[in-house]
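Asker: Sequence:
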Amino acid sequence: MARPERIRLGDLLVQQGLITAEQLAEALLSQRTTGRKLGRVFIDSGWVNEVQIAQALARQLRAPYLDLAKRSVRPEVARLLPEVQARRLRAMVLDETTTGVRVGMADPTDLSAYDEISRIVKRDIELIVVAESQLLGAIDRSYRNTEAIAGLAQELTSELRNVEDSLGDLLGLNTASAEDAPVVRLLYSVFEEALRVRASDIHIEPQQSSLRIRFRIDGVLHVQTEADAKIAAAVALRLKLMSGLDISERRLPQDGRFAVTLRSGAIDVRISTMPTQHGESIVMRLLNQSSGLLSIDHLNLPPRVAEALRRAIAKPNGMVLVTGPTGSGKTTTLYAALNALNNSERKIITVEDPVEYRLPGLNQVQVHDKIDLDFARVLRAALRQDPDVILVGEMRDQATAEIGLRAALTGHLVLSTLHTNDAMSTPARLIDMGVPRYMVAMSLQMVLAQRLVRVICPHCAEVHRPDAHELAWLETQCGRTVDAAPLRRGAGCNECSHTGFSGRTGVYEILEMTRELVEAMNHGDPLTFAQAARRQMAGHHLGQDAARLVLTGRTTVAEAMRVSHQMAEGPAG
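Take any residue in the sequence shown, count from 1 to its spot, add 226: that is its number in my numbering.
These are computed hints drawn from the structure, not numbers from a lab.
For glycine and all other residues, C-beta sits at the position ideal for the given N, C-alpha and C.
Among the hints, erroneous ones may be present.
[To be verified] List of simulated lysine-lysine pairs, DSS-like, C-alpha gap at most 30 Å:
#1 K573 to K596
#2 K541 to K573
#3 K348 to K296
#4 K263 to K296
[Said to hold, decoys possible] Pair ranges (Cβ atoms, derived):
#5 R314 to P290: 20 to 30 Å
#6 T778 to H695: 19 to 29 Å
#7 P308 to T552: 41 to 51 Å
#8 D270 to E745: 50 to 60 Å
#9 P684 to T246: 21 to 31 Å
#10 N543 to L467: 38 to 48 Å
#11 E248 to P290: 29 to 39 Å
#12 D595 to D693: 29 to 39 Å
#13 P301 to T702: 14 to 24 Å
#14 I473 to V310: 43 to 53 Å
#15 E533 to E248: 16 to 26 Å
#16 L599 to T260: 47 to 57 Å
Using the sequences and the hints, build the whole thing.
Answerer: Rendered as structure tokens:
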């Protein structure tokens, strides 16, 4: 293909009727003021999107346009253009032809970039126009660390076979720079890749003949790589050193924490080790400190739920409980509430196991069972510190629950979590733990129950016709006949790693302790309380909230049913 011609983007978009001459003049003025690229000005102004710009350039150049979200690129082909140049030049080798290569470019009018690519690949170039965000996503996928991780694991295996290498060298204990140690380079590559794919947890699991590394992404585990089982001990030892655990103890579980600074950001890592038949299994929870904490506005709560939460935490006293299984976002919700409360006028104390997020202005305490520093003991001490707000990580036993509810009764706002199946069963659970009924009735302000459901990938969403079972479930939740036409699912594409899902969102139900519910609880009649609770929550149960997400095309019927089944079984943990 001939070298592309230079094109004035603004004139081209005006010529093709995508923007007006007045909008072009306004964009040029903005460009001179801000220094942004002209195409970015058009997109940020909402006049066109990047796909429209790419398609307009393709028409002008008589070059093909490619939707990269639906196209896989072989990593060995992409690497004909090194990653550094690919990112800098906003270009990528997509395929090989009999005479040369096909190259995708986000800006095919960049003649200097075209010339540099020609010099690097030393082949004839067939130009393909692509959208910039899709190109960057494809670069992330094609240059991902999967192969590098496997290579580093193999290198570590080879190093371990060399009897002349000491364990200290392998672990980075004897070198001037620990970053050069094979096991350290392997672990840092694993952390980088986990952060890139938005993994919440890393599982390192020794098997009989291999070491399996898995990532939990959007609540589902995916195998990242499998390595030789011989490296398991060295990996476990290095992680225990990083987190300050006892390296000589391999028979008992241990918990710890450490921080890692990577190119893509800083993360806090919570680590848990457990002895298994083939070695120590390690699970690490990743807390991305660079992403910051969410506010209530950014939790995407339904308006009535957000309003109820704000109303509850605005009160000077009382208890607010968040319930749900492990990994349902309870801590995120509680910290969003603390963010709203955190100011110089309030003293806030948190009692946690462990401290998950570090928030300036808070007094955060981590319980330590080995020295009898449990929730109840710390909570008693916290009440002598003149707090306004107390966060208790979990109501685990009668003593903790009773002290927390008593604090809520005597002028403190108490936030905590409890493992119950739904919002309505939470007061009964507290009573079953041995807390006096009157204390629950007078102290509990609100219960927020939540689950997380996966969201359909917007890049590959397609119409889905539900089967009879799915349609019956949906109509049961909605209480009416449902039009199946708007229902969707993800077909699977490169953007979502062919899962059909991208990210998660919450489903919620709330129980506010109104006068009617307080009176029903004080009378000790479970049936009367349940009837009053159902009336208050009518139409807003967890299953009904999940069904609404299905009807608006945000999640699938199968995903909503999965969460509904989880509710029926009860939360784990």
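Asker: Each of the hints needs a verdict: does it hold here or not?
Answerer: Hints and how they fare:
no. : hint                     : verdict
1   : K573 to K596             : holds (28 Å)
2   : K541 to K573             : holds (15 Å)
3   : K348 to K296             : holds (28 Å)
4   : K263 to K296             : holds (27 Å)
5   : R314 to P290: 20 to 30 Å : holds (24 Å)
6   : T778 to H695: 19 to 29 Å : holds (21 Å)
7   : P308 to T552: 41 to 51 Å : holds (42 Å)
8   : D270 to E745: 50 to 60 Å : holds (55 Å)
9   : P684 to T246: 21 to 31 Å : holds (29 Å)
10  : N543 to L467: 38 to 48 Å : holds (46 Å)
11  : E248 to P290: 29 to 39 Å : holds (32 Å)
12  : D595 to D693: 29 to 39 Å : violated (49 Å)
13  : P301 to T702: 14 to 24 Å : violated (47 Å)
14  : I473 to V310: 43 to 53 Å : violated (38 Å)
15  : E533 to E248: 16 to 26 Å : violated (42 Å)
16  : L599 to T260: 47 to 57 Å : holds (54 Å)
Taken one by one, the earlier hints fail for this structure at numbers 12, 13, 14, 15, listed in ascending order.
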